[in-house]
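Line by line, the protein sequences are chains P and E.
FYI, the numbering used here numbers position 201 of the first sequence as 201, with every residue one higher than the one before it.
Basically the numbering used here = 1-based index in the second sequence + 306.
Treat each hint with caution, since some may be false.
[As the list claims (entries may be wrong)] Below, simulated EDC-like cross-link-like pairs (lysine to aspartate or glutamate); rule was C-alpha separation at most 20 Å, straight line:
id, chain 1, residue 1, chain 2, residue 2
1, E, Lys400, E, Glu580
2, E, Lys367, E, Glu580
3, P, Lys236, P, Glu172
4, P, Lys110, E, Asp550
5, E, Lys655, P, Glu268
6, E, Lys655, E, Glu640
[Said to hold, decoys possible] Chain P stretches covered by chain E per the calculated footprint, using a threshold of three residues with CB under 8 Å from any CB of chain E:
id, segment
7, 98-112
8, 265-273
None of these hints come from the bench; they were simulated from the model.
Bear in mind that the values here come from a model prediction, so they are computed numbers and not experimental data.
Where is the CB? At the ideal position from N, CA and C, for every residue including glycine.
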Amino acid sequence: MTSAIMISIIMTILVAATPILLAALGELVVEKSGVLNLGVEGMMLCGAVAGFAATAATGSLWIGFLAAMIAGVIASMIFAALALSLTSNQVATGLALTIFGVGVSSLIGKPFVGRTVGRLGALFPSALSDHPILRVVFGYDVIVYGAIALVALVGWFLKSTRPGLILRAVGEADSSAHMIGYPVLAIRYAATAFGGALAGIAGAYFSLALTPMWADRLTAGRGWIALALVVFASWKPGRLLIGAWLFGAVMTFELQAKAMGVTWLAPEFLAMLPYLATVVVLTLISMRRAGEGSAPACLGKPFAAA
Amino acid sequence: MSHRIDRRTLIAGAGAAATLPLIGGEAAAQSPLGVGFIYVGPIGDFGWSYMHNQGRLAVEKEFGAKVKTSFVENVAEGPDAERVIRQLAQGGNKLIFTTSFGFMQQTAKVAKAFPNVNFEHATGYMRDKNLATYNARFYEGRAVIGTIAGLMSKSGKAGYVASFPIPEVVMGINAFTLAARKINPKFETKVIWASTWYDPAKEADAAKALIDQGCDIITQHTDSPAPLQAAEQRGVYAFGQASDMKSFAPKAHLTAIVDNWSGYYVERVKLALEGKWTSGDVWGGIKEGFVNISAYNDAVTPEARAAADKVKTDIASGALHPFTGPIKDNKGAERLKAGEKATDEALNKMDWYVEGAQA
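With these hints in hand, go ahead and build the complete structure from the sequences.
Below, the structure written as structure tokens:
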């Protein structure tokens, strides 16, 4: 294998992992606050179509990403109003949000089928981003770098800041947090909105960077992978990053192995690899000491102030 | 072509089913003739379901007030499809097209229950007095684009983004490779199984992996234009799938195989209107207009145009069958003797790859 192909593979992995990482990071914060929003796929699709529509209308990718973020937040607020204020079942409401996202994105996207927009390009000048070796470090768009930076930021926020501590307290013991005087619902609304914003951007990464087009169900189930990744990472941002890259690597390996002429492995076997990897890692996680890396205690439970 | 059931289609199917009472509410009137369609995907997929819907629109355009068409998109293959087909039949439709392989059993079952309604199933093999089948010889189009690939590829290596190793896809890989090797005997086709009909990001990554491995021409048997976009970005050539996808890759898109069901749908509806509809089995290709080749890109050389046009006209006239021996498989065994042509039955069971295909 030549170094050019190695570099290309590494780059494919990092890029493929980025939207999953963003969506999962948002969901991690949501779940840390004690809310389980299974509507990630739906919010991503809302972001994907809003981002595409806004960019097609204005010609600006930045407005596109902004619109995607807003669309993700709006979708998440529909969920929040039902699940947090009206205390509907969070699992059912999240699933409904996904069905809603599939439908509404398809409806809004109808006039955009068959159209394209400009693609989000590399952040650094082409001397660096197209350099045969250096591109492995400098060859990405701003979202890839932003997602990695955001992992560090969220990790620091949750671990070392007072608002982060309060957010975790709300997720672990909502009644206690309420009694000390923290606004549990407001914090959960804010966390849910943050998750919606990141899911929206993650969706727009498909329609504006990976495959600059609109087509129905463009995200093809990545929202579900993001949800699994949060559990996989046992609610720790650093592990989320590793998990996303691992998943990107397994997905890319399946394709690269075939391109390199590995014909003795059946395509069905290669297609199974990402799931096999999931099973292996989940098994390893479950072998750890009890108590470590378990879900926030209030995850998915409705809260009504007494 | 069969589309897999997964969670997404199930969810979407549930959504589509929720809208069904709207269709069921239409009473059977004397006229116009009710014509129903069910699609496995969204009509916005710009591929398989999109082209079937173009056929439905052609029927509406042709017959105007004489027909009343309805359709249900995103119908999951499996038990849910039966309910949808039943609803269409109860809703007064007299001719119903079910457009995916996985609707076969359900269509056959509902056809038995509604002897006064006529059914047509795309790409299946179960027939009845009131159940016809139809399919397209996509491999004929593959032979045309393979000819262009043989002449336009500098590296002599093509990348093939494939969905699942079912006969229809295998047939396409083989027809493409055979045609290219007639031009360039050393031509190779590298196949990546994406294990999906539709996942744009994965399809694009597959195309990139193939380009990394030296393929300078990309073709696909998956449904999104994403591989074309990857080819455009990396400066190699590619072919569109199911519909003309030029807008996604103006430089890379050499031509596309275009599914065209319009002529067939119009003809069958005409027969139904005249009361002359009978069951049957049609496997139409270039000659019947089921498979079209879209306009060539300016980049296609005059030599490649001429060669591709000749393959097209020869297939249409019957002078050329894309699977004419001698054909060896990629393990060296002879599959067809010199001059021998593959039968339709052999094509429909194809599970081996021709020499030069790495799959």
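Going through the hints against the structure:
no., hint, result
1, Lys400(E) with Glu580(E), "13 Å, holds"
2, Lys367(E) with Glu580(E), "17 Å, holds"
3, Lys236(P) with Glu172(P), "15 Å, holds"
4, Lys110(P) with Asp550(E), "18 Å, holds"
5, Lys655(E) with Glu268(P), "19 Å, holds"
6, Lys655(E) with Glu640(E), "17 Å, holds"
7, 98-112, "holds (count 7)"
8, 265-273, "holds (count 4)"
In summary, the structure agrees with every hint in the numbered list given earlier.
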